[in-house]
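Starting from the known structure of chain A, arrange chain B on it as the hints suggest.
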Amino acid sequence: MTKYRDDPDSIRSLVRGGDVHRDVYISPELFDLEMERLWHCAWIYVGHDSQVPAAGDYYTTEIARQPVVMTRAQDGEVHVLYNRCAHRGTKIASATSGNCGAVLRCPYHGWTYRLDGALRTVPLKGGYANSGLAESPAALGMTAVPGVAVHRGFVFARLSRDGPDFAEYFGDSLSSIDNMADRSPVGRLEVTGGTLRFMHNCNWKMFIENLNDTMHPMVAHESSAGTARDLWKDQPPDAAKPMVIEQFLPFVSNYDFFDKMGVKIYDNGHSYTGVNFSIHSKYSSMPDYEAQMEAAYGAERARAILGEIRHNTVYYPSLTVKGAIQTIRVARPIAVDRTLIESFTLRLVGAPDSLLERSVMYNRIINAPTSVVGHDDLHCYRAIQEGLATDGNEWVSVRRDYSRAEDERGVAGIYNGTSEVSVRGQFRAWLAAMTSGTQVR
Amino acid sequence: MPAIASDGELIEFVYAEARLIDEKRLEEWYDFFAEDGCYWVPLRRGQQSGRTENSLMFEDKLLLKVRIARLRSPHAYSQAQPSWCQHILQAPAIEDRGSTTGVAVMRTAFLYVESQQDHQEIYAGVAWHHLKRVGERLMIGLKKVELLNCEAALPSLQLFP
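These protein sequences, in sequence, are chains A and B.
Residues 1 to 441, numbered by the numbering used here, are exactly what the first sequence covers, in order.
Residues 442 to 602, numbered by the numbering used here, are exactly what the second sequence covers, in order.
Pulled out of the complex, with its shape left as it was, chain A reads as follows (with noise of 0.2 Å):
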């Protein structure tokens, strides 16, 4: 049964300003259409420059279910390639990562392709002679994806051959990633330490609209924020704070709190909380890396990178980021109710090594498939994913800090933290997206 594929003013009557059908994260006809209309005309996280560092690396992954494979040229160009053999079809780079020389060789019937997608050789050619192989397809290699931008070694892919220009479709939101970046002496980040992939049971929407949530953490992390706070609080207000404990403190500060964080919307759904301060604002200085910092900009400019502490980051739809700790998650959505989270860390090339272990230790608390503060995340998304299938009331609420004003106006400009106006900004992206009939199949 197609009920919105042909109906765009059925997918219109969705989303009524601060309330949202439930289809939207239970349908899942809904979800190919986000695949074939979303997330195929947005500019979708790949992966960063970083993770192929020499000519002939390779890093696969998928875009809307999509396998695709990053590679780095001999002339150090990245390419993002569908990634299929031209011939049968075959899935061509099957490992995550690797080095495949010169050119990608199917381990079918042994066709070769440049790194940039070009045809090489096909054994046996006189076979094809006559056959009008040049004129076909397959003479057109692995075909390029026909997006691809790298902002600060963030590789970002768009499948559709028409859509925003990258940097019309981020804006001033790509500042989260300069920031970040300019945190490195040098200015640059390298992906390190292993991926964490935890598979979360539950729609993408719900973990890409919790990242700007500041109402959950004082409820939904109560049991480990708030225990970690309890064996803390006979210690005396001076007592050096372990890693963890400084960690884990913020995540149980009150309202007021996370409403003076404020938060930003861009268009086109991207957003991030922490305009004013965020929970990584009072982590120890560490004096050694703050002095390299200034030597490398000047005092001024170090303290304005470093006072920049945001909390997260969403590059809508796939990719969130967190600068100030270095750490960034990447959503892939797998199926309406099922969708793979992977945590990388970066390291800031030329700084110490304490940062990335604050890196490391945040990832591991926060993101792992073993965290306790993703264990309770993870239990109300699925738990979101349960409670909408009862018929009692169709319309989910985020309706906080909306008025009518808003529709007309837009939502662009900065809020206090608590408002639910990110994740309406978003829907608004989503409804643009899936009714607009620009859209390639």
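Some clues are possibly wrong.
Quick partial rundown of chain A residues pointing at chain B, CB under 8 Å, derived from the structure [to be verified]: (1) G193; (2) A351; (3) L355; (4) L356; (5) V372.
What follows is a list of derived Cβ distance ranges for each label pair [said to hold, decoys possible]: (6) A299(A) to T542(B): 44 to 54 Å; (7) T390(A) to E468(B): 51 to 61 Å; (8) R303(A) to A444(B): 52 to 62 Å; (9) Y108(A) to G449(B): 35 to 45 Å; (10) T96(A) to T542(B): 28 to 38 Å.
Straight-line C-alpha distance at most 25 Å; calculated DSS-like pairs for lysine-lysine [unchecked claim]: (11) K573(B) to K585(B); (12) K282(A) to K502(B); (13) K506(B) to K233(A); (14) K585(B) to K282(A); (15) K506(B) to K241(A).
Honestly, the hints are just simulated from the structure, not real lab data.
Just so it is clear, CB atoms sit at the ideal spot from N, CA and C, and this is done for glycine as well.
Chain B in isolation, oriented as in the chain A frame:
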């Protein structure tokens, strides 16, 4: 220096340690760890560091204490329906009796089953126990758990493999 304990004592220690987890006698389990003890579940095969590389767990006693206290908390929502686990251990092999280092090393292949309501996950792996004498007691300096599928996309893993 003689071996730090008899073979029987070393082997019984490994069995007893797993049993405490399975029976959720977690405060007693916590006391099996030396003050500088560490419980490590690496993310990757051959992983060298828990500090500069990501791990599933890399817990000092403070983190273990948070984990255990959380499991006792009425606000641990992911445990509203409690998880239970079962270790099935192969006979522990004594790799080193600690006669020169003071640290005995045990290698134990295992199956670990974690179950919650209608869901059950089965993990396989090898546990390495580094044991030392603290006063009269044998204690854990390091328990390193190498899961066979450590690099897989995992669901919530909520107890202690």
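Against the structure, the hints come out as follows:
no.	hint	result
1	G193	4 Å, holds
2	A351	12 Å, violated
3	L355	10 Å, violated
4	L356	5 Å, holds
5	V372	5 Å, holds
6	A299(A) to T542(B): 44 to 54 Å	49 Å, holds
7	T390(A) to E468(B): 51 to 61 Å	40 Å, violated
8	R303(A) to A444(B): 52 to 62 Å	58 Å, holds
9	Y108(A) to G449(B): 35 to 45 Å	56 Å, violated
10	T96(A) to T542(B): 28 to 38 Å	37 Å, holds
11	K573(B) to K585(B)	15 Å, holds
12	K282(A) to K502(B)	24 Å, holds
13	K506(B) to K233(A)	14 Å, holds
14	K585(B) to K282(A)	32 Å, violated
15	K506(B) to K241(A)	16 Å, holds
When held up to the earlier numbered hints, the structure conflicts with 2, 3, 7, 9 and 14 and fits the remainder.
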